Structures are given as structure tokens and as C-alpha cells.
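Based on the hints, put chain C in the right spot on chain B.
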Amino acid sequence: MPFAKQNDIRPKGFSLVDDLVPPANGASLQALYPDSRTLRVDSSALAMDSGATLSPLTIAYQTYGVLNAEKSNALLLCHALTGDQHVANLHPVTGRPGWWETMVGPGKPFDTDRFFVLCANVLGGCMGTTGPASLNPETGEPYGLDFPLVTIADMVRAQALLIDHLGIDTLFCVAGGSMGGMQVLQWAAAYPERVFAALPIATAARHSSQNIAFHEVGRQAIMADPDWRSGRYLTEHTRPSKGLAVARMAAHITYLSDSALHRRFGRNLQDRAARTFSFDADFQVESYLRHQGQIFVERFDPNTYLYLTRAMDYFDLAADFGGSLASAFKGSPTRFCVVSFTSDWLFPTSDSRAIVRALNAGAASVSFVEIETDRGHDAFLLDVPELIETTRGFIDAAARARGIA
Amino acid sequence: MTLSRILDARRVDLLRVMEMVAPGSRVLDVGCGDGELLRLLAEERNVDGRGIELSQQGVNDCVAKGLSVVQGDADADLADYPNDAFDYVILSQTLQATRQPRVVLENMLRIGRRAIVSVPNFGHWSVRVQLAFRGRMPVTEQLSYSWYDTPNIHFCTITDFIELAREVGAVIDKSVALDEGGAELSAIWPKWTWNLVGEQAIFLLHHQGRERAGEPAATGPARVSAEAAG
Numbered sequence: 000m001p002f003a004k005q006n007d008i009r010p011k012g013f014s015l016v017d018d019l020v021p022p023a024n025g026a027s028l029q030a031l032y033p034d035s036r037t038l039r040v041d042s043s044a045l046a047m048d049s050g051a052t053l054s055p056l057t058i059a060y061q062t063y064g065v066l067n068a069e070k071s072n073a074l075l076l077c078h079a080l081t082g083d084q085h086v087a088n089l090h091p092v093t094g095r096p097g098w099w100e101t102m103v104g105p106g107k108p109f110d111t112d113r114f115f116v117l118c119a120n121v122l123g124g125c126m127g128t129t130g131p132a133s134l135n136p137e138t139g140e141p142y143g144l145d146f147p148l149v150t151i152a153d154m155v156r157a158q159a160l161l162i163d164h165l166g167i168d169t170l171f172c173v174a175g176g177s178m179g180g181m182q183v184l185q186w187a188a189a190y191p192e193r194v195f196a197a198l199p200i201a202t203a204a205r206h207s208s209q210n211i212a213f214h215e216v217g218r219q220a221i222m223a224d225p226d227w228r229s230g231r232y233l234t235e236h237t238r239p240s241k242g243l244a245v246a247r248m249a250a251h252i253t254y255l256s257d258s259a260l261h262r263r264f265g266r267n268l269q270d271r272a273a274r275t276f277s278f279d280a281d282f283q284v285e286s287y288l289r290h291q292g293q294i295f296v297e298r299f300d301p302n303t304y305l306y307l308t309r310a311m312d313y314f315d316l317a318a319d320f321g322g323s324l325a326s327a328f329k330g331s332p333t334r335f336c337v338v339s340f341t342s343d344w345l346f347p348t349s350d351s352r353a354i355v356r357a358l359n360a361g362a363a364s365v366s367f368v369e370i371e372t373d374r375g376h377d378a379f380l381l382d383v384p385e386l387i388e389t390t391r392g393f394i395d396a397a398a399r400a401r402g403i404a
Numbered sequence: 000m001t002l003s004r005i006l007d008a009r010r011v012d013l014l015r016v017m018e019m020v021a022p023g024s025r026v027l028d029v030g031c032g033d034g035e036l037l038r039l040l041a042e043e044r045n046v047d048g049r050g051i052e053l054s055q056q057g058v059n060d061c062v063a064k065g066l067s068v069v070q071g072d073a074d075a076d077l078a079d080y081p082n083d084a085f086d087y088v089i090l091s092q093t094l095q096a097t098r099q100p101r102v103v104l105e106n107m108l109r110i111g112r113r114a115i116v117s118v119p120n121f122g123h124w125s126v127r128v129q130l131a132f133r134g135r136m137p138v139t140e141q142l143s144y145s146w147y148d149t150p151n152i153h154f155c156t157i158t159d160f161i162e163l164a165r166e167v168g169a170v171i172d173k174s175v176a177l178d179e180g181g182a183e184l185s186a187i188w189p190k191w192t193w194n195l196v197g198e199q200a201i202f203l204l205h206h207q208g209r210e211r212a213g214e215p216a217a218t219g220p221a222r223v224s225a226e227a228a229g
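Protein sequence lines correspond, in order, to chains B and C. Take numbering that gives the first Met the number 0: the final residue in the first sequence is number 404, and no numbers are missing along the way. Take numbering that gives the first Met the number 0: the final residue in the second sequence is number 229, and no numbers are missing along the way.
The set of hints was computed from the structure by calculation and includes no laboratory data. Any given hint could be a false lead.
What the hints assert, rightly or not - Distance ranges between label pairs, derived from CB positions:
1. Asn67(B) with Glu42(C): 22 to 30 Å
2. His153(C) with Trp344(B): 32 to 40 Å
3. Ala46(B) with His153(C): 20 to 28 Å
4. Arg101(C) with Asp257(B): 36 to 44 Å
5. Val138(C) with Asn67(B): 44 to 52 Å
6. Arg101(C) with Glu215(B): 26 to 34 Å
7. Val138(C) with Asp257(B): 53 to 61 Å
8. Gln99(C) with Ser208(B): 43 to 51 Å
Remember, predicted model here, so these are calculated numbers, not experimental data. For glycine and all other residues, C-beta sits at the position ideal for the given N, C-alpha and C.
Isolated chain B, as found in the complex (with noise of 0.2 Å):
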């Protein structure tokens, strides 16, 4: 049994690459043993939508900056459906920079000399919260498919637990894009007397059907790749990387935009003079996307990508308040930046539009920017100035509000 050793906390110089067999890369190495801080809830089950229990729950997070005497300084990040903890510091298994390291850092929007920022990973993630990847202490094995449906608000309820543990009763801002947007308005209908400030960026209260499609897409290419083994990949030895590829490079396509794509590909050929007349990567846009899909496919768990495309479809905040948005806000303490992108269809502003109408209609304070940039649904991970100028401005207030120096 290659996964009998299980610890929460990585073990200085631990060798158990040669246990774990190929295909263990990684995703499952950090899936067992994160490189980040965890936290390990033994005490009470994670009690979740589906109806079902979780226990024990492990949260793996990061945290930069320091937390105030007050504990009244609190940022938390809420990543997205590939994303992780690793905000902004280098990635334990691609080495590359955080993916927010434009915004997070000393003198950032948000600034870790005056704030504490944490991120962790979510529910059903693969970078060492509790996941499909996780082993099942009923079997010993990975959960695979046993692996309870998680939605949103089951993200943000572990989140809590994490909060909870650290001593912290109000969150000075929850911040996140897309399905880290989705977790920002969780919070702040969830626990809205624990949420001081709120910045969903690029996001919808809930999964378009165009979206679930997208989704539906990405997750039967995994599903159909013959190594998949009905999610029991890790136990058999296989890993449907072929397919979660093919879901990646569909993915990444929605996260750009036409002119986007236009502008830094166009029909260009790639490291060839003329078309080879096969189905080679004759263009660059294909091989951008090819290389796309294998670089994913080293760092994510294919099960998790099931589980957390899932959780976005499942997302539809109004549902939950009796179809009523403006109820989920209804006299809402927390201050809200909503941040939408003109290029973004994925998470296009009429999404945006309607939580600001909701936020409205429930007398919340809010402000409402739609960034003019053609880079699409990614925009809110890249350095687009407005975007960073905006969280800037936001966040200063809210911290001159919140009485932060």
C-alpha cells in the first residue's frame, strides 16, 4: 500500500518518493505531504451539504505578514478552481512565483508589512486540505469517488474552522477571483457580522449554464481517458493525464479572450516555415495550449478538477436565500468592492452587475468597477494597473475604516 504512511505535516528530509510508485507526482505527493502549514481537525466532523461528514479534516494553508495584537488585521485569500495556498511564494512543485504576487507582498494593495494574509487550500483541493486525493481512514486508500460532493459554503465552513483556530473573530477582508469570488460571497452571506471588507473579483453569485457546460466538458474528457479508472487511479497506478489535459486546454481557452489570444498568437506557426499537412502543433496557439495542459497536469489531481468544477456548478447563492439575492445581503455590515473585467464572458459583467444590483437592493455599502482590459477572465491573476489601483484604494479605506495603521 503505497499511501499507508499518511502524516500531517511533512517529516524533515522524508523520502518517500520510492513509495509512492509512479504515476505519484507533484499533486500527490502535496496532496499527502503539503509544504505548507496545516491544520488538523480531529475534534468535529466538517458537516457538509451533500449530508455527508468529514473526519478528520486537514486544512493546509499559507500565511505572510503578522497577525495584529487585535487580531483585527486578517486578509484572506480565496483561490480559484486551479489555484492553491501558494499565494505568494514559490510553488513547491512547479517553482514558479504565487499566482497573486502581484497584489500580495511589502507595499503590495495587499501589503504584508501591515497585514496578515492567509490563503488555504480549499475543501477537496490536492495541496493538502482533505481532498479526493486524501487517504480515506476507512480504507487507508485514497478517497477517490468516495470522496463526499463539495460545494461552496462547505469551503467557506472549513475556512471558518481555520479562522476559529487562529483566534480570529472578524476577517478585516476576504478577497478572491472567480471560484475565489464565489467563496467571498459565501463569507459574507454566510458570516456576515464576521466580514469587515469584501472583494469579489471576476465572479458570479451563481454557475451559468453556459459555464456548467464548459465544465461538463472538461470533466468527461477526464472521465473518458482509460487510465481514470472510475477515480481509482491512484490506488491502480495510472494517472488519466491525457484527459486531464484535454480538460485544462478547454478550460484555459474560456479563461482568455479572442483578441487576447489574437493579439499574442495569431496564425503564427510554430518553429516552422510552413504548414506540415498533419495534425501536428503546426500553430503556436496550439502548442501554447498543449504545453498548457502539460505543465497542469504535474501539479493537479484529476479527481480534484471533478470535484471542484463541481462545487462552481452547484454555486447559485440566491438559491440558498429563497431565490432572493438581496435577502442574502440584507443588511449587510460588510463593505464590498465588485470587480468585473470587459473582456471576461466566462464571468462577463452582467454577473457582476447583479450582485451589485442584490447588494443594492439589501442596502449594503458597495462599489462596483468593470475594467477595461481584453485579456479576459485571467485578468484578475495578471498585473493589470487599474485592477491593482482599485484593490489599493479599497483596501487603504477599508483599513482607515477598520482603524489598521
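Frame of chain B, contents of chain C only:
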């Protein structure tokens, strides 16, 4: 920001608007620009202020000041606000740039218990002179655009606005006319002359269907409260 800076900025009308707002009230400023008025209201009147602004730069400036401002415009977005959400809805020098001024005014009176509207007066004598004697569409210091590139697509005179207010069932609680320098027209100018000598006018209104009881009282200097005519 000091009051003198507002004066320097030649937006003296903002001070007059501010005087109509009761302290501690909830205010929506439609077309709030860089948030000058909202900030003034927050500092001088302790209001809970919100804004709507079309330009991204304006919204960014507001957010950076800690103001709650939504990117949008009066025509499209007022419909989304619930009834009685605010004590005051303010539209400063913007009505003439909306596509549907009547709908905008109706929405303001629905969303707010009071509406405050300032309008440039197209009946001002200098405008009349340019049209009557030069035969040209007027270009003034305050209305500085040529006819072909002006964002001001629905000009009105003070008299026109008063008529619109009557049509939508609004009661004018206060009205103030300002001269070219932004100073309030003094007592030597009777109301019937405002439409000729007023560069702009500011109105405080409410819908006639609303109760007068319990309304917030403005604390600014006492003002003559009668409708302008002429």
C-alpha cells in the same frame, strides 16, 4: 478638502446642494464624478453616501477615497434600486446628459424621499442672445461643447424643469438660482426673472404622494421657498 477648494473648483453649486442635505442622512449621488460632493457631504454633513459614476477614472478616484461608488449611469441603473433606499438622491448638472430625463427624475423620486437636482439653464439671456442674434447654437463657459460633440442632449430651461417636476407629480420644496459666478441670485432678482438671469438652478423636491411628516429638515441658511417662474 476645504470649502475654499470647492469654491476654487467653480462648483459652488455643490455647496448649495450640501446645504439642502440634513446631517446624518443617506445619500445617493448620481454622476458623482471624482466624489467631491460625496466627500464634502461625509465631512460636513456626516452622511452615509453612495455614488454612481460612468467613468472608470471617476470610480477609481472615489474608491481610493473610501467612497462606495458603483460604475453605471442614471439611465440604466437607477431602476435597480429599491424604493425609499435613500433620504436624498442627488443629480448634479447631469439631467441634461441623460437619455430619458423624465424617467430618471421619476426614479430619483422613487428611490429617495427627497431629490436634489441642479440643472444648467438653457433660458439664460446669453444663450438666448446667441441663438436669437447670431443664429448659432449657444456655447457658454458652463456649456462649453459644440452642438455636434456635446454630451448634453436634453437641455431645458428653469421653467421647463419646473414643468417636468409638475408632470411627474413632484413638489418643489426649495429652489435656488445661481449667477455666472455661482453666487446665489439675491433678493433684487424676483423669481420670475430667474429663467432669464439664472445660470443654473438647484431644486429640492419630493413626490407629492409622500408624507411630509417626519421628513428630514435641512439645516442650511433659510431660503425662500417658492417656485420660480418666468
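Comparing the hints with the structure gives:
Checking the proposed 22 to 30 Å range against Asn67(B) and Glu42(C) shows it holds: the Cβ atoms sit about 28 Å from each other. For the pair His153(C) and Trp344(B), the beta carbons lie near 34 Å from each other, so the given range of 32 to 40 Å is met. Checking the proposed 20 to 28 Å range against Ala46(B) and His153(C) shows it is violated: the Cβ atoms sit about 58 Å from each other. For Arg101(C) and Asp257(B), the hinted distance range of 36 to 44 Å is satisfied, since their beta carbons lie about 40 Å from each other.
Our hint of 44 to 52 Å for Val138(C) and Asn67(B) is violated, since their Cβ atoms are close to 57 Å apart. Hint check: Arg101(C) to Glu215(B), Cβ distance near 47 Å, so the stated range 26 to 34 Å is violated. For Val138(C) and Asp257(B), the Cβ-Cβ distance of about 42 Å falls outside the hinted range of 53 to 61 Å, so the restraint is violated. Remark: the range hint 43 to 51 Å for Gln99(C) to Ser208(B) is contradicted by a beta-carbon distance near 32 Å.
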